[in-house]
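Participant: Read off the chains here:
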Amino acid sequence: MQSNACAPGRLLPALIFVLMSAQALPAAAHGERAQEPYLRTRTAHWYDVKWSTDKLSVNDTVTVTGRFRLFHDWPDAVKPPDTVFVSNATPGPVFARVDSSLNGVPARQSFRDLQIGRDYEYKMVLQGRVPGRYHVHPMIAVKGSGPLVGPGKWIEVTGNQADFTYPLKAISGENIENVETWGLSTAVKWHLILLAIAAAWILWWIRRPLLIPRYLALKKEREDLLTTNVDLAVAIGLLVVVVALSFGGYAWARSKYPRTVPLQAGTMYTAPLPAQPKVVDIRFKEARYDVPGRSMRMTFDVTNVSDKPLRLGEFATASIRFINQNLPAARANVAPDYPHDVVARTGLAIADDIEIKPGETRTLKVDATDAAWEIERLTSFLTDVDSKFGGLLFFFDAQGNRYLAEVGGPILPVFRKTV
Amino acid sequence: MSPNSREILQVSGLPPEGAKLSRIWDWCVVAAVALLFMGAIHLHVMLTVGDWDMFVDWKDRQYWVLVVPVSMLMIPAALQGVFWHYFRLPIGMTLGAVLLLIATWITRIVGWHIWGYFPFTMGVPSTILAGAMACDAVLLIVRSSLLTSTFGGFLFALLFFPSNWPSLAAYFLPVEHQGMVASVADMIGYAFPRSGTPEYIRLIERGTLRTYEGSTVWVSTFFAGIICIFMHMIWWQVGLLFSTQKFVPTSKRFRRFVGLADAPQPAAKA
Amino acid sequence: MSDTTHAIPAPGIAAQQTADDRKPGYYVRFNLFALGVVVMVVMFAAYRMYQQVYAWNFGLDATSPEFDRYWMTLLKIQLPVLFGAGFVCWAYLWITRDRNLAALKPKVELRRYLTFTLWLVAYTLAIYFIGSFFAEGDAVWHQTVMRDTPFTPSHIVLFYACIPTYIFFSVGGFIYAMTRLPAFSRGVSVAHVLAVLGPVLILPNLGFNEWGHAFWLTEEIFSHPLHWGFVVLGWNALALPGVALQIIQRMVPLFHEVFDNTQAAQTA
Chain Y
1270 MQSNACAPGR LLPALIFVLM SAQALPAAAH GERAQEPYLR TRTAHWYDVK WSTDKLSVND
1330 TVTVTGRFRL FHDWPDAVKP PDTVFVSNAT PGPVFARVDS SLNGVPARQS FRDLQIGRDY
1390 EYKMVLQGRV PGRYHVHPMI AVKGSGPLVG PGKWIEVTGN QADFTYPLKA ISGENIENVE
1450 TWGLSTAVKW HLILLAIAAA WILWWIRRPL LIPRYLALKK EREDLLTTNV DLAVAIGLLV
1510 VVVALSFGGY AWARSKYPRT VPLQAGTMYT APLPAQPKVV DIRFKEARYD VPGRSMRMTF
1570 DVTNVSDKPL RLGEFATASI RFINQNLPAA RANVAPDYPH DVVARTGLAI ADDIEIKPGE
1630 TRTLKVDATD AAWEIERLTS FLTDVDSKFG GLLFFFDAQG NRYLAEVGGP ILPVFRKTV
Chain H
4 MSPNSREILQ VSGLPPEGAK LSRIWDWCVV AAVALLFMGA IHLHVMLTVG DWDMFVDWKD
64 RQYWVLVVPV SMLMIPAALQ GVFWHYFRLP IGMTLGAVLL LIATWITRIV GWHIWGYFPF
124 TMGVPSTILA GAMACDAVLL IVRSSLLTST FGGFLFALLF FPSNWPSLAA YFLPVEHQGM
184 VASVADMIGY AFPRSGTPEY IRLIERGTLR TYEGSTVWVS TFFAGIICIF MHMIWWQVGL
244 LFSTQKFVPT SKRFRRFVGL ADAPQPAAKA
Chain L
12 MSDTTHAIPA PGIAAQQTAD DRKPGYYVRF NLFALGVVVM VVMFAAYRMY QQVYAWNFGL
72 DATSPEFDRY WMTLLKIQLP VLFGAGFVCW AYLWITRDRN LAALKPKVEL RRYLTFTLWL
132 VAYTLAIYFI GSFFAEGDAV WHQTVMRDTP FTPSHIVLFY ACIPTYIFFS VGGFIYAMTR
192 LPAFSRGVSV AHVLAVLGPV LILPNLGFNE WGHAFWLTEE IFSHPLHWGF VVLGWNALAL
252 PGVALQIIQR MVPLFHEVFD NTQAAQTA
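Chains as they are written, first to last, in this note's numbering: chain Y, 1270 to 1688; chain H, 4 to 273; chain L, 12 to 279.
Think of the hints as simulated: they come from the structure by calculation, not from any bench. These figures come from a predicted structure and were not determined experimentally. One should not assume that every hint holds.
Unchecked claim - If you only want the chain Y side, here are some residues facing chain H, beta carbon under 10 Å, derived:
{"id": "1", "residue": "T1352"}
{"id": "2", "residue": "G1361"}
{"id": "3", "residue": "L1395"}
{"id": "4", "residue": "G1415"}
{"id": "5", "residue": "I1481"}
{"id": "6", "residue": "R1528"}
{"id": "7", "residue": "A1534"}
{"id": "8", "residue": "T1539"}
{"id": "9", "residue": "L1542"}
{"id": "10", "residue": "E1675"}
{"id": "11", "residue": "P1679"}
No residue lacks a Cβ here, since even glycine has one placed at the ideal position from N, Cα and C.
The following block holds chain Y by itself, in its conformation from the complex (with noise of 0.2 Å):
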């Protein structure tokens, strides 16, 4: 039996849907390696972000939790965090919003008067939504500033994208099936109605010689012959028909929907997370990016005002996280699910790291080295016209107790490898 299933005929609009709708594939980061470090290393500091799991069908839910502080020095370039919407970093709705919340509080609405300084928890359900491997990170955004964005993690979404629903159920008792098909159907038959009017109306025009032997008449004084009694019937007819299916149109639509609500726009509030008692004071003395060794070294003071004495376990900017491989505490603070792309191999390197007793003041010289720096770009320090950075700092007790400390200042590049 002879096959045609090659011929050209059939190929070029199998191709063309193929290409139409082609999945995507492993994308990595969205942008937010573009974002100047000062943005990001002095803005929204993310930690104890989780993601409950990488792997979901179409309709399944993943729930992204974690924590952000509003660092204190916040950059003169971004606006202060007054206006704030909890999102998610995804490549566009391949991911449907469920649910969110910040400290427990609904995220539907935008959210007003962020703390600078303070911590904030964030929760975000997510439903899967088109079949493929995305980059999913925690994001909110600020107004005037736009989007600050968390670590990402590949999670895959497996399945069939028309099998994805989004039920609700309207309170005037209406079943919503999908969203994503509510209503469609009348909002086509209504434009089509409307372009059918529209088309024989224009059709009735140019139906007949249409420029040149009307802009000749014209120019004769014949302009009886343009528009006739029967077209200024037609035209009267074309405005009762028109008012009649608006206003007619109008009444349906409220007999059928006669309970209905505006677009909800208040903003919500929440105060931010209890602060966590000082445990160390940091006193920042200098940092240095050492360009071709990778590694930032910053130097300090540490205070520690606790009754109990703290090491070092964690630097954190920017999503990176340099952990004190010496400290178990530190290690096991990282989950061993978290994407490794932004746990620094090399770790966090500490001169004297020893424990800091109570009471003592210690400088501490630590070096942050990874390749990470390059290819997060957040060498670009170097082409900011604001050299400063920041970061947290997680401290461990001898039962393993963190502590979050922020650090930053101004950061000097070295273009001599000393590493």
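Given the structure of chain Y, go ahead and fit chains H and L onto it with the hints provided.
Facilitator: Relative to chain Y, chains H and L alone:
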């Protein structure tokens, strides 16, 4: 061909071959007008009121009802002026509205849906078809640009909300989400993330200060109507201004390059 | 789309040639126009399919080597090719200009007016692609990813492919008119200048647009005043009806010259 058409051709004085060529030329112009103004009107609307038109969760009672008809009126009104002034064709507004809606739906399908995976329900466009047809009809009835601006322009805005409500009412049903009221439109905007459009960026009604019991949409409509009257007057004139047939004489040097008769001629060529 | 004048036919075949040159097909030549349209449609369809496949796969992160390979390479190829094609075409039109418009026969002039019309139709097809098709695609793209470069997969097509394409046709049509039509050579058509220059100025306005996006516009509002330069320049589309009227004003006497008095037209 109808007797009226034959009479128009006769009065025009075109030779039969000229009339045939003229008809071919008509269709070339129809194609050009359709393509040009699909591009021009769509771009104009996109960059002035695009967000309100592109997203169902921007279609509020204060701004959408006001700015969208005002913006969508502009170029169609200019077209109406040109078509009427030179050809006595009362189709400019309708043509503009049709081209806009077709161009918009094409991009909703090819762009938003096929490329961006957004559902169609997020992007149901507004339409000015009803108001545009009404305005063209008024023009033919009153045969005056001033009266068309006054009555047709106002009617254009007045019909905007009622003629769009049948296609959009379903998106303003109340639902409960996270213990709060939301419209279906809000939910669509929330469910399908747009990273460039955080919720706060919506230029929508953030609360009326007076008890109008939900009839604020008619307040906005009335205001839109007043603006549309003047917008129509202005843009009718803009259309006529742009359709200038002036030539600015070229230099003698240039005329020599192309051998025009009134330029000093070079030595005769074979 | 150039043309030549015709010699007076020999008496023996005058009747047949007379019949031929009274047919519309003698004056309206669609071949080159059709070629231009097909090339444009195929090119833009290919661009759209390229976006469909490679924008999601390699276009999300401007810092990645794949972005460089699949997108910046495309940009570096298309700019010289599209602008280059334009320069070549315009140079050709200038070099092959009619150097004796004073002796232009009415039949030829009429044919040229119809050719000029087809230049304008081709121009409007390019305007459709930038003004509508790819422009709203830009809105789509900027809703899905963070803007991290002026050369996004959407911009590479919308600005850096569409703009050279419509400039090809707009300037080409302008040069055609000025070098082959007496009315458009004797004077510069103000409407035609507006219809060409307005959209051409979109290119410098693009500079302003990217400057604004780089420095202060953080969210993606399409209706933002930053974009209104494009809006005002787009209004120049309204000047094309003026050009159409100029065409009518010369075509009508030509119809009479050519078809009312064939002998006179042939021996002019």
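Participant: Each hint should be assessed against the structure and marked as holding or not.
Facilitator: Status of each hint after checking the structure:
no., hint, result
1, T1352, "holds (5 Å)"
2, G1361, "holds (5 Å)"
3, L1395, "holds (9 Å)"
4, G1415, "holds (8 Å)"
5, I1481, "holds (4 Å)"
6, R1528, "holds (7 Å)"
7, A1534, "holds (5 Å)"
8, T1539, "violated (13 Å)"
9, L1542, "violated (20 Å)"
10, E1675, "violated (26 Å)"
11, P1679, "violated (32 Å)"
Hints 8, 9, 10 and 11, counting from the list given before, are not met by this structure.
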